[in-house]
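4 protein chains.
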Amino acid sequence: MKKLVISTGGGDAPGLNAVIYAVVNAAHSRGWEVYGSRSGYLGLLDPEQLVPLTPAVVADITPTGGTILGSTNKGNPFAMPVRNLAGDYQIHDVSDRIMKNFQRMGFYCHIAVGGDGSLEIAHRFAKEKGMPVVGVPKTIDNDLQATQRTFGFDTAVSTATEALDKLHSTAKSHDRVMVVEVMGRDSGWIALNSGISGGADVILIPEIPFDIQSVCEKISDNELHDKHYAIVVVAEGARAANHEVVTQGTGEVGRAEALLGGIGLWVANMIRTCTEKDTRSLVLGHLQRGGTPTTFDRLLALRFGAAAVRLAEAGEFDHMVALATPDMVAVPLEQAIKSRKKVPLSSDKIMTAREIGICLGE
Amino acid sequence: MKKLVISTGGGDAPGLNAVIYAVVNAAHSRGWEVYGSRSGYLGLLDPEQLVPLTPAVVADITPTGGTILGSTNKGNPFAMPVRNLAGDYQIHDVSDRIMKNFQRMGFYCHIAVGGDGSLEIAHRFAKEKGMPVVGVPKTIDNDLQATQRTFGFDTAVSTATEALDKLHSTAKSHDRVMVVEVMGRDSGWIALNSGISGGADVILIPEIPFDIQSVCEKISDNELHDKHYAIVVVAEGARAANHEVVTQGTGEVGRAEALLGGIGLWVANMIRTCTEKDTRSLVLGHLQRGGTPTTFDRLLALRFGAAAVRLAEAGEFDHMVALATPDMVAVPLEQAIKSRKKVPLSSDKIMTAREIGICLGE
Amino acid sequence: MKKLVISTGGGDAPGLNAVIYAVVNAAHSRGWEVYGSRSGYLGLLDPEQLVPLTPAVVADITPTGGTILGSTNKGNPFAMPVRNLAGDYQIHDVSDRIMKNFQRMGFYCHIAVGGDGSLEIAHRFAKEKGMPVVGVPKTIDNDLQATQRTFGFDTAVSTATEALDKLHSTAKSHDRVMVVEVMGRDSGWIALNSGISGGADVILIPEIPFDIQSVCEKISDNELHDKHYAIVVVAEGARAANHEVVTQGTGEVGRAEALLGGIGLWVANMIRTCTEKDTRSLVLGHLQRGGTPTTFDRLLALRFGAAAVRLAEAGEFDHMVALATPDMVAVPLEQAIKSRKKVPLSSDKIMTAREIGICLGE
Amino acid sequence: MKKLVISTGGGDAPGLNAVIYAVVNAAHSRGWEVYGSRSGYLGLLDPEQLVPLTPAVVADITPTGGTILGSTNKGNPFAMPVRNLAGDYQIHDVSDRIMKNFQRMGFYCHIAVGGDGSLEIAHRFAKEKGMPVVGVPKTIDNDLQATQRTFGFDTAVSTATEALDKLHSTAKSHDRVMVVEVMGRDSGWIALNSGISGGADVILIPEIPFDIQSVCEKISDNELHDKHYAIVVVAEGARAANHEVVTQGTGEVGRAEALLGGIGLWVANMIRTCTEKDTRSLVLGHLQRGGTPTTFDRLLALRFGAAAVRLAEAGEFDHMVALATPDMVAVPLEQAIKSRKKVPLSSDKIMTAREIGICLGE
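Protein sequences, first through last, are from chains A, B, C and D.
Sequential numbering of the first sequence, starting at 0, is according to numbering that gives the first Met the number 0.
Sequential numbering of the second sequence, starting at 0, is according to numbering that gives the first Met the number 0.
Sequential numbering of the third sequence, starting at 0, is according to numbering that gives the first Met the number 0.
Sequential numbering of the fourth sequence, starting at 0, is according to numbering that gives the first Met the number 0.
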């Protein structure tokens with residue numbers, strides 16, 4: 000009877016629990032056992048943080064947000080900050096300890112669910128320590144080249160689109176410009192998908208440095224067509240082409256501070272000045288990471304989980320599962336973690352946006 | 000055949016269109032005509048801004064947010080800023096012009112849907128100019144003493160609760176404190192209702208000046224019970240008892256600036272400092288005013304609209320409709336606009352919150 | 000330290016878990032213990048079916064549907080069908096055994112959450128056996144005279160209204176009549192509230208025996224106003240005034256059979272025959288009892304739970320909690336279980352429906 | 000300036016209005032005009048049924064269900080039933096009249112949105128009459144081989160999954176079996192996707208004739224694992240392998256009658272008999288076709304619409320747009336209408352279902 004250990008690492012993404020559900024049940028149907036490692040690798044560092052996962056334990060978790068295992072940004076096992084007796088942090092490489100525990104527990108395979116950081120660590124464990132690892136990709140931004148889709152993305156886009164739906168009526172009734180900052184530091188997928196679906200007038204994405212003048216003209220142009228309001232969607236990583244915008248960081252670390260000067264606020268202020276229109280801004284932030292996963296994300300996450308166990312059974316380690324519609328495929332981790340997927344400027348989504356009259360800040 | 004004119008004034012509240020729907024259809028079933036005045040009183044100032052409202056025109060508007068008539072904060076007809084040829088604003092009293100148009104159009108009654116500002120103006124028209132007016136109360140904050148409920152409130156609370164639901168999973172998975180600022184400058188109804196329903200650990204409302212120390216203790220205390228995250232709901236009008244918190248205004252005018260220093264951000268920063276926990280803040284803002292009204296709000300708004308036409312038919316002018324469960328009643332406008340409804344500290348909601356372990360900052 | 004036992008009986012209603020949450024936490028904040036009795040009184044019959052309920056156990060249950068204790072229609076402890084060794088059922092009075100267990104466990108009070116059946120049994124325990132009982136009313140139909148509202152009702156109405164929203168677009172696009180059967184065997188509250196909110200053309204409720212001819216005329220009349228579709232909401236207990244409609248039962252027991260001949264189907268068939276319009280019918284059934292409770296229902300259920308512990312503390316037994324807006328009050332169980340609340344034909348909801356053009360089958 | 004005409008045909012699918020929105024705006028951005036043909040080809044038969052579609056007309060339609068043009072099952076223009084003076088129907092070929100009107104109006108291209116029936120007619124017009132036609136595929140069942148996805152499907156699956164979510168809690172609380180019949184006469188996509196996502200115990204699809212004995216065993220087996228309830232999802236086209244099930248038709252025509260004996264009810268009755276468990280059944284029916292399209296469906300429909308105008312511009316007639324992730328491609332209509340997409344028994348979705356413990360009736 001084989002024993003698996005599963006960990007979830009990095010930021011939250013709706014569907015993590017569905018992956019766990021599928022891994023546990025797909026293992027169970029083969030007569031295997033599954034343990035969950037709390038807080039990323041912590042369970043492998045300290046076996047008290049390992050939890051037996053049975054079908055009964057995971058029975059109702061598929062529709063829930065978050066992860067029952069807890070995630071971690073607490074550090075890389077190859078360079079882990081550990082507090083010593085004096086209270087200072089020192090960097091330790093705890094990878095050997097983890098590998099030793101892995102072997103002592105008799106694990107057959109480690110299923111690592113995580114973003115590029117977590118998958119890179121998983122790959123190092125595979126390559127340097129010989130750990131049999133299967134990866135499951137997780138990025139809410141959908142910015143991995145190696146898989147057509149990642150779970151969590153559809154939920155994030157849905158949450159953003161629902162927010163746009165709500166803002167339409169109030170913007171329209173009050174002749175306002177509403178600027179909404181959504182996730183996407185390096186790629187504009189969430190902004191683009193939600194902006195097109197949610198009827199935005201302007202969508203600003205990292206892939207297209209924007210001209211604030213064009214944005215203001217679009218909004219003023221609306222007036223000529225008797226439309227006295229506008230919805231502007233801004234990816235947090237969008238940047239002006241011809242202004243140096245000093246914002247105070249909108250990264251994961253320090254979101255609260257980001258409110259002091261995210262790009263959305265800057266855009267709102269510029270629009271207010273240029274157009275003299277009543278302009279408000281809103282940062283969706285963590286709302287996009289939470290809640291019940293959509294049906295699409297549940298199904299994708301469940302398929303990923305089941306496929307990961309299939310890879311494990313086949314001994315196809317150091318690979319991650321990926322979607323190549325309509326199939327599940329295996330991609331070498333080394334290759335998967337290298338290439339990010341930006342919005343191609345020639346994609347039909349960009350063409351659609353332009354053709355239906357959305358300004359992309361050009 | 001009688002002719003009514005209806006106007007909607009002030010901030011957005013889900014259910015405005017349901018009021019219009021009911022007024023139009025209840026008038027139609029009596030063989031009356033209805034006109035809508037665009038942008039508050041503008042339609043009575045400039046009859047080109049009057050729109051005939053038939054059942055066909057309003058057929059599908061009940062489930063929609065916003066108001067098909069547009070709202071206005073553009074000013075009080077008794078002291079209206081009007082731009083002269085030189086481009087300067089001067090204050091004019093246009094109330095007589097409005098009353099003259101009202102009579103010239105042969106209107107039987109004006110149904111004024113609005114907040115305390117709009118209703119006070121409606122009352123002045125009734126008292127000083129003899130306009131037959133029926134009021135329909137609109138305040139998303141549910142802070143009118145004269146009616147048990149106002150429409151829009153249930154939708155706002157639902158939106159806030161859904162946001163809390165989403166934040167729970169991510170807070171829990173990542174051991175975080177999430178601070179959510181909701182509407183409520185003078186009263187804590189939205190914060191209290193959503194916070195209790197949404198499982199908040201802390202709820203801060205204007206009626207109870209809070210001690211930030213108590214808040215931090217509550218969060219640290221969670222840790223002792225093996226709960227490593229917390230949800231904090233803060234009404235925008237909440238204030239610390241023993242700190243002078245300088246925020247840059249969170250009022251309707253200038254919401255965008257509010258993000259620079261709302262009370263939610265201040266609370267988040269204090270909690271981060273005290274507890275050393277990863278703490279994020281979020282301002283729900285206009286999300287709470289938009290979108291499809293809940294069933295509760297639709298029904299209440301439809302009942303208000305139908306009852307307003309009933310008052311008009313009975314000639315009970317200078318009154319507004321109000322809910323006194325299970326009945327619709329008429330309240331003199333003069334009395335209605337005077338008294339605000341704060342959360343009574345002896346209410347069972349406050350007791351419930353305390354008894355189920357929620358910290359109110361005391 | 001006092002010990003409470005809580006049970007949930009009868010049909011499902013969203014909000015049951017919120018009641019349990021509040022009871023457990025409100026007791027905990029007083030230093031009391033709470034036990035849950037599985038499957039109604041089963042836990043008091045067989046102490047192995049008692050579960051200790053701590054704040055940790057109930058931490059996340061408020062937003063969930065169903066009841067963690069399981070409900071029961073398995074019978075009245077005063078006349079319980081018990082299977083003997085031969086496999087036959089015999090009726091036993093097990094009330095003394097239950098009372099003995101109650102005392103042996105040292106319980107201070109039994110909080111009984113249930114419908115009229117369960118509350119009547121609770122009252123008999125109080126009166127005949129001297130059990131200290133506090134009741135919490137539960138009826139998804141909102142048909143208790145003694146409380147203005149019961150939890151679960153708002154969720155059921157919301158589910159029905161959402162279904163009507165979905166059916167509008169398809170009915171309109173395809174010129175169809177859609178007939179929707181909703182819950183309500185004796186009272187029309189769900190049909191009336193959802194029908195008004197959801198833009199129904201016709202609402203048929205048990206309180207108003209309907210004339211199918213009027214219904215068909217209303218639908219044909221729509222055509223004259225260039226409206227080629229209609230939505231008809233039928234309470235399962237609605238009955239034709241001038242036809243003997245033989246349906247095969249739409250009660251709780253045997254819902255599946257109900258599909259063979261519910262009143263909704265009969266109405267649909269009659270409309271199709273009369274109007275020659277493409278007419279479809281749908282039974283919402285158990286969808287109305289499930290799912291996440293609305294904010295309104297969560298708050299009401301939490302208030303009920305906390306108030307029940309307050310009654311227990313005050314020793315106000317043989318009473319149930321009730322809503323008398325804005326207060327929580329105590330009503331003697333004997334009085335509460337007697338009087339049902341039907342839709343008063345003079346209520347403003349009925350007036351509103353008629354005035355905005357809805358046909359009530361008259 | 001080119002003129003397009005657009006029609007929507009066949010059953011309802013959420014996203015139809017988004018297609019119209021994109022076609023109108025993408026044409027407008029090229030300086031073209033668009034007319035909508037009401038009720039399928041009716042607008043081309045009777046130019047009074049043609050409506051000019053401007054960006055202002057379609058401004059708010061993207062999030063709405065249904066189609067602003069009305070659909071039709073009223074017949075094939077090549078064999079149209081037309082009522083003569085005596086009131087009898089006679090079959091006429093009106094295709095030449097349509098083609099003549101098309102030319103007289105000076106249309107450049109006809110964008111035909113529809114299912115296989117409508118697309119086949121479009122293809123005949125292209126081939127036999129030389130009409131320049133571009134197709135947009137519409138099938139809520141997602142059963143076209145030529146495109147990876149069709150719009151409306153994601154919304155239908157989401158509605159079904161939400162229904163399953165609601166039924167879980169009540170099934171669990173009351174130890175019940177809930178049988179839910181979903182759409183899918185020839186293919187099991189909706190049943191399979193919603194059943195996996197919604198945590199079904201059993202999924203029965205047309206592609207796998209089921210053994211009712213296996214179904215009952217699965218449910219009884221649940222009891223051994225202390226799970227006393229079950230959710231069974233049945234596609235309307237599922238059939239028992241070893242029983243002749245006589246149902247009274249669950250096709251589009253005559254849905255109301257279907258309730259008299261759909262396959263879901265038969266399965267429920269069999270399960271009740273075999274397992275002696277309390278078993279209920281529910282037919283979701285038209286709920287699956289209605290309502291606001293999901294973000295996924297809106298985006299896909301908007302891309303389809305914009306791509307259709309691109310095909311028109313390129314003169315690539317007698318083709319339809321299709322999704323080949325991540326691209327939009329053109330597929331010859333002749334080829335597209337031929338091949339249906341059934342669930343491949345070797346697909347990883349089927350494997351996933353089996354591996355996570357779902358019974359497929361085998």
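In short, the hints are calculated from the structure, not lab data.
Heads up, a few of these hints could be off.
Identical copies look the same in the list; a pair holds intra-copy or inter-copy alike.
Claimed, not checked - Straight-line C-alpha distance at most 30 Å; calculated DSSO-like pairs for lysine-lysine:
| no. | residue 1 | residue 2 |
| --- | --- | --- |
| 1 | K226 | K340 |
| 2 | K126 | K337 |
| 3 | K348 | K128 |
| 4 | K1 | K340 |
| 5 | K337 | K128 |
| 6 | K126 | K276 |
| 7 | K276 | K337 |
| 8 | K348 | K337 |
| 9 | K99 | K126 |
| 10 | K341 | K128 |
| 11 | K226 | K337 |
| 12 | K2 | K341 |
| 13 | K276 | K226 |
| 14 | K337 | K99 |
| 15 | K1 | K217 |
| 16 | K99 | K340 |
| 17 | K341 | K217 |
Next on the checklist: Treating 30 Å as the Cα threshold, decide for K126 and K337: within, between, both or neither.
Outcome noted: For K126 and K337, only the intra-copy Cα distance (15 Å) is at most 30 Å; the inter-copy one is 49 Å.
Checklist entry - Between copies, within a copy, both or neither: which fits K126 and K276 at Cα up to 30 Å? => result neither (58 Å within a copy, 35 Å between copies)
Checklist entry - Under a CA distance limit of 30 Å, which applies to K348 and K128: within one copy, between copies, both, or neither? => result neither (43 Å within a copy, 34 Å between copies)
Next on the checklist: At most 30 Å between CA atoms: does that hold for K99 and K126 within a copy, between copies, both, or neither?
Outcome noted: For K99 and K126, the Cα distance is within 30 Å only inside one copy (15 Å; across copies 67 Å).
Checklist entry - From the Cα coordinates, with 30 Å as the cut-off, is the pair K2 and K341 best called within, between, both, or neither? => result Answer is neither; intra-copy 38 Å and inter-copy 36 Å both fail.
Checklist entry - Can you tell me if K276 and K337 fall within 30 Å by alpha carbon in one copy, between copies, both or neither? => result Close neither inside one copy (44 Å) nor across copies (33 Å); limit 30 Å.
Next on the checklist: Cα distance capped at 30 Å. Does K341 pair with K217 within a copy, between copies, both, or neither?
Outcome noted: within (25 Å within a copy, 44 Å between copies)
Checklist entry - Is the C-alpha distance from K226 to K340 at most 30 Å within one copy, between copies, in both cases, or in neither? => result Result: close neither inside a copy nor across copies, 35 Å intra and 38 Å inter.
Item to check | Alpha-carbon proximity between K337 and K128, which holds within one copy, between copies, both or neither at 30 Å | outcome: within (20 Å within a copy, 54 Å between copies)
Item to check | K341 and K128: within-copy, between-copy, both or neither at 30 Å Cα | outcome: Result: close neither inside a copy nor across copies, 32 Å intra and 45 Å inter.
Checklist entry - Given identical chains, is K1 near K340, meaning Cα to Cα at most 30 Å, within a copy, between copies, both, or neither? => result Classified as neither: same-chain Cα gap 36 Å, cross-chain 37 Å, threshold 30 Å.
Checklist entry - Is it within a copy, between copies, both, or neither that the alpha carbon of K99 lies no farther than 30 Å from that of K340? => result Answer is neither; intra-copy 36 Å and inter-copy 49 Å both fail.
The structure fails to meet hints 1, 3, 4, 6, 7, 10, 11, 12 and 16 from the earlier list, while all remaining hints are met.
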